[in-house]
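K.L.:
Listed here are the chains, written in short residue letters.
Protein chains: 2
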Amino acid sequence: MANSSKKIKEIGEDLLIKRITKNLTLGKDVMAGAGDDCAVIKSNDPQSYMLLKIDSVIEGIHYVKSTHPSAVGYKALSRAISDIAAMGGTPKHAMIGLSLRPNCNVSYVTSLYNGLSKASSPYNISIVGGETTNCSKNGTQSVTISLTGEVRKDLCCFRSKGRSGQSLFVTGKLGKSINGRHLSFTPRIEEAQWLTRNFKIRAMMDLSDGLASDLPRLAKSSNCGYSIDTNKIPRARGASIDEALCDGEDYELLFAISSKDCNKLKASWRKKFPSLTLTRIGKLSPKGTEDPDLEGGWQHF
Amino acid sequence: MANSSKKIKEIGEDLLIKRITKNLTLGKDVMAGAGDDCAVIKSNDPQSYMLLKIDSVIEGIHYVKSTHPSAVGYKALSRAISDIAAMGGTPKHAMIGLSLRPNCNVSYVTSLYNGLSKASSPYNISIVGGETTNCSKNGTQSVTISLTGEVRKDLCCFRSKGRSGQSLFVTGKLGKSINGRHLSFTPRIEEAQWLTRNFKIRAMMDLSDGLASDLPRLAKSSNCGYSIDTNKIPRARGASIDEALCDGEDYELLFAISSKDCNKLKASWRKKFPSLTLTRIGKLSPKGTEDPDLEGGWQHF
Chain A
6 MANSSKKIKE IGEDLLIKRI TKNLTLGKDV MAGAGDDCAV IKSNDPQSYM LLKIDSVIEG
66 IHYVKSTHPS AVGYKALSRA ISDIAAMGGT PKHAMIGLSL RPNCNVSYVT SLYNGLSKAS
126 SPYNISIVGG ETTNCSKNGT QSVTISLTGE VRKDLCCFRS KGRSGQSLFV TGKLGKSING
186 RHLSFTPRIE EAQWLTRNFK IRAMMDLSDG LASDLPRLAK SSNCGYSIDT NKIPRARGAS
246 IDEALCDGED YELLFAISSK DCNKLKASWR KKFPSLTLTR IGKLSPKGTE DPDLEGGWQH
306 F
Chain B
6 MANSSKKIKE IGEDLLIKRI TKNLTLGKDV MAGAGDDCAV IKSNDPQSYM LLKIDSVIEG
66 IHYVKSTHPS AVGYKALSRA ISDIAAMGGT PKHAMIGLSL RPNCNVSYVT SLYNGLSKAS
126 SPYNISIVGG ETTNCSKNGT QSVTISLTGE VRKDLCCFRS KGRSGQSLFV TGKLGKSING
186 RHLSFTPRIE EAQWLTRNFK IRAMMDLSDG LASDLPRLAK SSNCGYSIDT NKIPRARGAS
246 IDEALCDGED YELLFAISSK DCNKLKASWR KKFPSLTLTR IGKLSPKGTE DPDLEGGWQH
306 F
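Protein chains in written order, with our numbering: chain A, 6 to 306; chain B, 6 to 306.
If you're looking for bench data, these hints aren't it; they were derived computationally from the structure. Any given hint could turn out to be false.
Each pair may be met inside one copy or between any two copies, as identical chains are not told apart.
[What the hints assert, rightly or not] Here are the simulated lysine-lysine pairs, PhoX-like style, with alpha carbons at most 25 Å apart: (1) K11 x K33; (2) K142 x K12; (3) K47 x K27; (4) K276 x K47; (5) K205 x K269; (6) K47 x K265; (7) K123 x K47; (8) K23 x K123; (9) K33 x K158; (10) K123 x K33; (11) K27 x K178; (12) K14 x K277.
Using the sequences plus the hints, can you model the full thing?
P.N.:
Right, dumping it as structure tokens:
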């Protein structure tokens, strides 16, 4: 096999996943596998889908050694909840995989679980299982979350359901999450459920890698291009346009909606969520009309 | 909090789990959480439960650096399948968390996935998600499996459903799995489903830590003692009684059944599974009559 002696750090995660998933056989009950925010599975209930998500936070990447363990636990579970939100779903049951150094304090683990509880309790998520592994004395600690959810079939959002001409919106303000928001954000469960129940919204995702990475993914999945006005992107205090596009870890919602519903959406949103901004940043366009071409490499200026 | 400055290696995993789980709030839909082979959840289908499992294999503990990656993947998923079997269930959907060193070869990962496919395909398990994390250059690699399953409510087995006087059986032969069986075993899905459908068996578990550790767990969960004849324990070729009791990683079934059904069970089993032994090793007895007292420390002789 070509490239088989290459190291994973050389080919990167995207190509690795592509290489792996092309040989996997999926059952007919799998509506979406790897490639959307969650896997979507037909359940025994004809009205709803089951959602499945696995996600990890890693020391040195998503948090640092000095991050309070309660914040690590809160972030780890909230990221997975944000993926359930992106499908329009409700989170249900979590299992926790901890990879810890053997000299880790017991109080670190109990505090980490306090953070998990803080993230789970607003949604009545039950933590039903766990597994602790030893990453060795000099290894890198990590927290892996396996989370289930459910969503009404007719309200389930996929990245692939966008249509050319639809308007693109984002919730909240983007950029500079590293100043603290990346550890304390609120997953947009309530907002996503209100959106899908009150408007015909079927293409949505959460912004975890930054709009410049995530918008092209949604457009590509929907076989569309996009046209956005980068000056209109809602920026967190002190964030440049570049930072709002590229920093990542915003955990806000990006979604597409019929342009004729925009005014009604904006008015209803202001009443329902007065303290959270909702911004129309542009629209989906025919494939091949990406403007600006973020995927081709956002120009850092 | 007392003990909070202790290290996790000092208090051990059992006490750590106890410490963590006592503060968790479980929903009313959770029939069993941590403490059984799988978590058992009420589903939208009134006829069945959903099963959830998270489990890891760790380099240096469950396999060694030189173990073929295909065998690592096969073992990782088969262990979780064995836990689904122990509940009488059918495995459905898997998600895979890999923790790898950055200099790991791409071919290692594709081979590991070949092993996962080999384990999943006999049961049509769909691998619907994955996550790869970097355990750092000198870290310990691991594979974490999140697996769902389902089981008919009336056939679901719990560790807690044993009754004093019931006979105890084990499938297969125990001990010396380190000679190779721990990497190549077949999870007892077919056997477990046949057992629960044809006989009234409601207390079952899989033998992963060795009969000397696992039998006391089943008995304790069922509020029973036990009486076994250690000379009757079926031993793998070359295994001593001690090894059959304590080696672990057998991935065979241990279950309890009404003593009046023993003869019918033995005759039917021989016809259905002529190449796999089934052995009556003793019985459940009133609490406080553990004979021999394996939990108090099996005497290594």
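K.L.:
If a hint holds in the structure, say so; if it does not, say that too.
P.N.:
Here is how each hint holds up against the structure:
1. K11 x K33: neither (34 Å within a copy, 49 Å between copies)
2. K142 x K12: both (24 Å within a copy, 12 Å between copies)
3. K47 x K27: Answer is within; shortest intra-copy Cα gap is 21 Å, inter-copy 34 Å.
4. K276 x K47: Neither. Shortest intra-copy (35 Å) and inter-copy (37 Å) distances fail the 25 Å Cα cut-off.
5. K205 x K269: within (12 Å within a copy, 60 Å between copies)
6. K47 x K265: neither (32 Å within a copy, 42 Å between copies)
7. K123 x K47: between (30 Å within a copy, 24 Å between copies)
8. K23 x K123: So K23 and K123 pass the 25 Å test across copies only (19 Å; inside, 35 Å).
9. K33 x K158: Both, since 16 Å and 24 Å are each at most 25 Å.
10. K123 x K33: between (36 Å within a copy, 19 Å between copies)
11. K27 x K178: Neither: 36 Å inside a copy, 38 Å across copies.
12. K14 x K277: Neither. Shortest intra-copy (45 Å) and inter-copy (50 Å) distances fail the 25 Å Cα cut-off.
Violated hints for the displayed structure, listed by number in ascending order: 1, 4, 6, 11 and 12.
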